[in-house]
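There are 2 protein chains.
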Amino acid sequence: MTDAGIGQADGLDDLETPCLLLDSDRLTANVAGMRARLDRLGVSLRPHLKTAKSLDVARIAMASPSGPATVSTLREAEYFAEGGVRDLIYAVGIAPQKLYRVGAIRRRWGADLAIVLDSVEQAEAVAAWGRGHGDPLPVLIEVDADGHRSGVDPRDADTLVAIGRTLAEGASLRGVLLHAGDSYVLTDPPALIAAAEAERQAALGAAAILRDAGLPCPVVSVGSTPTARYAEDLDGITEVRAGVFMIGDLFQAGVGSCGIDDIALSVLTTVIGHQRDKGWIITDAGWMALSRDRGTARQAIDQGYGIACDLAGRPYPDLIVRDANQEHGILALRPGSSAARPDLPIGSRLRILPNHACATGAQHDRYHVIADGRLTGAVWPRINGW
Amino acid sequence: MTDAGIGQADGLDDLETPCLLLDSDRLTANVAGMRARLDRLGVSLRPHLKTAKSLDVARIAMASPSGPATVSTLREAEYFAEGGVRDLIYAVGIAPQKLYRVGAIRRRWGADLAIVLDSVEQAEAVAAWGRGHGDPLPVLIEVDADGHRSGVDPRDADTLVAIGRTLAEGASLRGVLLHAGDSYVLTDPPALIAAAEAERQAALGAAAILRDAGLPCPVVSVGSTPTARYAEDLDGITEVRAGVFMIGDLFQAGVGSCGIDDIALSVLTTVIGHQRDKGWIITDAGWMALSRDRGTARQAIDQGYGIACDLAGRPYPDLIVRDANQEHGILALRPGSSAARPDLPIGSRLRILPNHACATGAQHDRYHVIADGRLTGAVWPRINGW
Chain L
1 MTDAGIGQAD GLDDLETPCL LLDSDRLTAN VAGMRARLDR LGVSLRPHLK
51 TAKSLDVARI AMASPSGPAT VSTLREAEYF AEGGVRDLIY AVGIAPQKLY
101 RVGAIRRRWG ADLAIVLDSV EQAEAVAAWG RGHGDPLPVL IEVDADGHRS
151 GVDPRDADTL VAIGRTLAEG ASLRGVLLHA GDSYVLTDPP ALIAAAEAER
201 QAALGAAAIL RDAGLPCPVV SVGSTPTARY AEDLDGITEV RAGVFMIGDL
251 FQAGVGSCGI DDIALSVLTT VIGHQRDKGW IITDAGWMAL SRDRGTARQA
301 IDQGYGIACD LAGRPYPDLI VRDANQEHGI LALRPGSSAA RPDLPIGSRL
351 RILPNHACAT GAQHDRYHVI ADGRLTGAVW PRINGW
Chain A
1001 MTDAGIGQAD GLDDLETPCL LLDSDRLTAN VAGMRARLDR LGVSLRPHLK
1051 TAKSLDVARI AMASPSGPAT VSTLREAEYF AEGGVRDLIY AVGIAPQKLY
1101 RVGAIRRRWG ADLAIVLDSV EQAEAVAAWG RGHGDPLPVL IEVDADGHRS
1151 GVDPRDADTL VAIGRTLAEG ASLRGVLLHA GDSYVLTDPP ALIAAAEAER
1201 QAALGAAAIL RDAGLPCPVV SVGSTPTARY AEDLDGITEV RAGVFMIGDL
1251 FQAGVGSCGI DDIALSVLTT VIGHQRDKGW IITDAGWMAL SRDRGTARQA
1301 IDQGYGIACD LAGRPYPDLI VRDANQEHGI LALRPGSSAA RPDLPIGSRL
1351 RILPNHACAT GAQHDRYHVI ADGRLTGAVW PRINGW
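Note that the protein sequences, when read in sequence, are chains L and A. Last residue of the first sequence: number 386 in the numbering used here, and the count goes up by one each step with no gaps. Last residue of the second sequence: number 1386 in the numbering used here, and the count goes up by one each step with no gaps.
Derived by calculation from the structure, the hints in this document are not laboratory data. Glycine residues also receive a C-beta, built at the ideal position from the N, C-alpha and C atoms. It is possible that part of the hints are untrue.
[Unchecked claim] Derived Cβ-Cβ restraints for the label pairs, each shown as a range:
id	chain 1	residue 1	chain 2	residue 2	range
1	A	P1342	L	I60	41 to 47 Å
2	L	Q201	A	P1189	55 to 61 Å
3	A	R1366	L	E16	42 to 48 Å
4	A	E1082	L	V161	56 to 62 Å
5	L	D25	A	D1233	57 to 63 Å
6	A	Q1299	L	R298	17 to 23 Å
Construct the entire structure; sequences and hints are all you get.
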């Protein structure tokens, strides 16, 4: 650690810890990189706002202040609609009890909020609601790209067509939506390229089934950060939803979706103790500040609860958060490391790169913004909850 | 599932999901049980409020509206002081940068807020601050009960006495504080009884060292839910800090600190889909609502992300949250189970018992209160952050 490094982070000593830091230079570069990539491939970006949950971040990530964008909760839909976003997909399967709230968001803000479903049962409820309320909701049929979670089997023509025909009775079928969630366990580029192509083929197959049945399918929406990063051909796809790419994290670095130097999010923490005989440095960022996410535990490099960096964001060699209690982080060298443990007296500050930006972000209610290596003074609020 | 079960949970169909439910009958019984146990052992209870983070819960858990109580963040200290709590320990090692805020809480609310430290370095900063501000802060020296985290080795007389003498120059030494965190990995009663006795012996040893050196040690504070539940002798201990006991969770049930029927917290969720060929039921409570805590993964019974129950809180046989994405829970039977999967159509509601009450609670900002098996209509706010 050099003094120059500390000098680059003016103001970080004055914040209350633990807290979230967001490097807006990295954020902007990550967004520009993804946008350029998708421009080359001829598809539009509908950024998923579930990672950042911040209107300030959304305005950097979206093509325009009105969207398009993707959300994971109706609370996000309300928050972003209030902030001027008008083109939204709520990309979690709809429950009938939530339709009144979807309708209210559409009416109150004039938002084009679309919903997602994968069963005739849901389609019947949505169509009935649309007839009853005179609001034919735009709907995307969720299609299962890879057995990861939800969605209709893309070869199940009977179900796809039955859903489409049911929706014709009171909703507006807008297309198909897929999420290649299994790409998160892949790590080598050929496998990721293949996963992206499989997602595309599933999408095109489902869209063809609907169109062959005379049903509309203007939107063919795919998305996951790894497949968005590795897709070589997106012909036939109209939009890509991806979210974590804009911030990045150690899990995505482990997949190869970003470099560690691209990660825009870190948790500022203060040293509160030592157990020198054990080689432990104790900090005030425990799992409450970092989240319980241990996603890198199943990757080739286990990053513990995160990588410890100096105030300029440079990792200390082999120093990770080896364990965490609620409000205590236990920093130690990686097992077997021969690196020198840095001398960090009580009161020293450092930054932790997180395993999972979505999970770590959710433990906080604001971002302290860094640009040009300095705290700008801007504080960007973020939301949580449903 | 019987209709009687559903009838016992009036109102649960009207809440937005996912959300937190708190059974105030179980909460009250858990508190009464711990209080009776500690009364028999002749020590007072200083409940840790880091699990509930709610003034309404605190008022049930504390001996009086003014405390005593324990907190894990200065944000909690401020919130509870504002709510009338006057006797508080902030039980995480102090950083010098936080002393101004400790002083502010003491002045603004007249709160007796004590702090914790385990080094001469911290003691010097605290004493200097006390001299500079005319406020000799009450301090407990953290003693390491079992190598779990922070604290001075209880046999390290030199350090204990050096800290005590340093504090005499501008602070007020109040005693010693221990947390037998390693008790969380134990499961059989004899080992837990032994851990509690080891915690007591370490406490008494450290207190004796201070007293033999002519230093004050009026408070001898120990605490963890497992050792509080199993201690057979607390002679010489003045108070017990424990927190999760009042709510309970599947991890504590795995340790034997509570029964599954004692767990007061659950997450209400709605079925949003099925993958019937895989035996999956998809709900709207993913890890964002349940937390990423997988603490039971290392116990004899892995509960996944939680146990699925009907609206009356009765577990469905062998039905657990097998996997979770951000806003999706994937329910399935335990591996190898021959139980019948319940028929839960889209829109059905169920309750998930969490692995870890502290972590799951932190994902939410309020509790919906259940008493006598019915939603009372009361909503108890809870805080997060630092």
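Now for the hints, and whether the structure bears them out:
In this structure, P1342 (chain A) and I60 (chain L) meet the distance hint of 41 to 47 Å, their C-beta atoms being roughly 45 Å apart. Between Q201 (chain L) and P1189 (chain A) the Cβ separation comes to about 57 Å, which falls inside the hinted range of 55 to 61 Å. Against the hinted window of 42 to 48 Å, the Cβ-Cβ separation of R1366 (chain A) and E16 (chain L) comes to about 24 Å, which falls outside the hint. Here the CB-CB span from E1082 (chain A) to V161 (chain L) is close to 59 Å, well matched to the stated 56 to 62 Å.
The hinted window of 57 to 63 Å between D25 (chain L) and D1233 (chain A) holds, with their beta carbons roughly 59 Å apart. Between Q1299 (chain A) and R298 (chain L) the beta carbon distance is about 19 Å. The supplied range of 17 to 23 Å therefore holds.
Hint 3 alone, counting from the list given before, is not met by this structure.
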